[in-house]
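Colleague: Make the full structure from the sequences, and use the hints.
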Amino acid sequence: MRNVYEAKKVFIDIQQGVIFNNCISENYPNSDVYGVIITPRCDIDHFNVTTIHYLPIVPFEDWINKDLLKIFQEREEKKILKRMYSTLSQNNISVSILNNNLKNEDIVKAASSLKTNVLSEFEKDLIEKTSIKDHDYALKALKKWKDVKNVIKDLIKGNIREFYLIEDWENPEKFKVILLREINRLTFELAVKLRNGIEEHDLRDHDWLKNNLNKSSDKSNIYFTVAKISSPHIEHLLQAFYYNFGRIGVDDFQVNIDEHLLNETNKIINI
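For what it's worth, my numbering labels the leading residue of the sequence shown as 1, then goes sequentially.
A hint or two may mislead.
Think about it this way: if two alpha-carbon atoms lie no more than 25 Å apart in a straight line, the pair counts; the simulated DMTMM-like pairs of lysine to aspartate or glutamate are [unchecked claim]:
| no. | residue 1 | residue 2 |
| --- | --- | --- |
| 1 | Lys-8 | Asp-32 |
| 2 | Lys-210 | Asp-45 |
| 3 | Lys-124 | Glu-105 |
Now the in silico label distances, taken between C-beta atoms and shown as ranges [stated by the list, open to error]:
| no. | residue 1 | residue 2 | range |
| --- | --- | --- | --- |
| 4 | Gly-158 | Ile-97 | 37 to 43 Å |
| 5 | Leu-102 | Glu-189 | 53 to 59 Å |
| 6 | Gly-158 | Ser-217 | 34 to 40 Å |
| 7 | Asn-117 | Ile-268 | 55 to 61 Å |
Hint data in this document are derived by calculation from the structure and do not stem from the laboratory. For every residue, glycine included, the Cβ atom is placed at its ideal position computed from N, Cα and C.
Modeller: Written as structure tokens, this is what we have:
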């Protein structure tokens with residue numbers, strides 16, 4: 001069992017790696033969301049910031065029903081489209097009929113020159129392509145998806161760059177997922193109060209404008225720190241986070257650069 005978290009304390013001072021409750025995520029409006037602080041330690045220790053930033057943490061099961069499902073839908077649609085493009089191309093029918101927002105019946109008409117059995121398979125793919133976008137349909141289809149195991153392995157290894165898997169601080173047999181591409185904020189003034197807890201009814205209108213916190217219907221929330229990720233796990237998390245925003249893109253080399261360099265190499269060698 002990994003020692004991901006520091007020994008639990010009743011009160012935890014605000015620091016990088018500290019987790020607190022009743023947070024928000026744009027893509028998980030109905031989930032029990034926590035947040036992990038990513039603001040540098042030195043800035044917090046020396047009071048050099050007015051804003052504290054955090055990454056949302058969601059239950060693994062919610063991630064399955066939201067983002068794993070999205071991965072499944074995207075991959076299945078891509079696979080279906082590849083088959084459909086291939087069918088059209090092999091029969092000299094323009095693939096543009098799939099890119100012009102045509103209704104399904106119009107696409108079938110445009111592909112009507114296909115042989116009966118080929119057209120039948122093409123129609124099945126067309127229906128599946130439309131159906132896979134429906135949440136409930138996709139959720140049922142997900143249960144039979146052969147690639148689920150590979151996706152979970154990639155999540156564990158950190159190969160799905162926008163997500164970070166981590167053990168639950170209350171139960172190491174359960175897991176949560178940190179959303180690496182969604183950054184939320186708190187004011188420094190409010191964040192330091194999390195150590196002793198903040199009652200929702202004490203928050204004012206200006207607090208809601210500057211703090212990304214979950215708002216209940218009856219003002220019953222209490223916001224407080226619950227755990228702290230230990231070293232080197234917090235550094236590993238930040239490394240994964242940085243990958244999403246620290247990449248630098250430049251123009252690709254020209255297509256025939258290999259031939260050009262080979263010619264130059266031959267010239268130099270033969271001098």
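Colleague: Compare the structure with each hint and give your call.
Modeller: So, going through the hints one by one against the coordinates:
1. Lys-8 - Asp-32: The hint holds at about 21 Å.
2. Lys-210 - Asp-45: The given pair, whose Cα atoms are some 21 Å apart, holds under the 25 Å limit.
3. Lys-124 - Glu-105: holds, 12 Å
4. Gly-158 - Ile-97: 37 to 43 Å: Because 40 Å falls inside the window, the suggested range holds.
5. Leu-102 - Glu-189: 53 to 59 Å: Roughly 55 Å apart at Cβ, these two residues keep to the hinted range, so it holds.
6. Gly-158 - Ser-217: 34 to 40 Å: Hint holds: Cβ distance 37 Å, inside 34 to 40 Å.
7. Asn-117 - Ile-268: 55 to 61 Å: holds, 59 Å
The structure meets every hint from the earlier list without exception.
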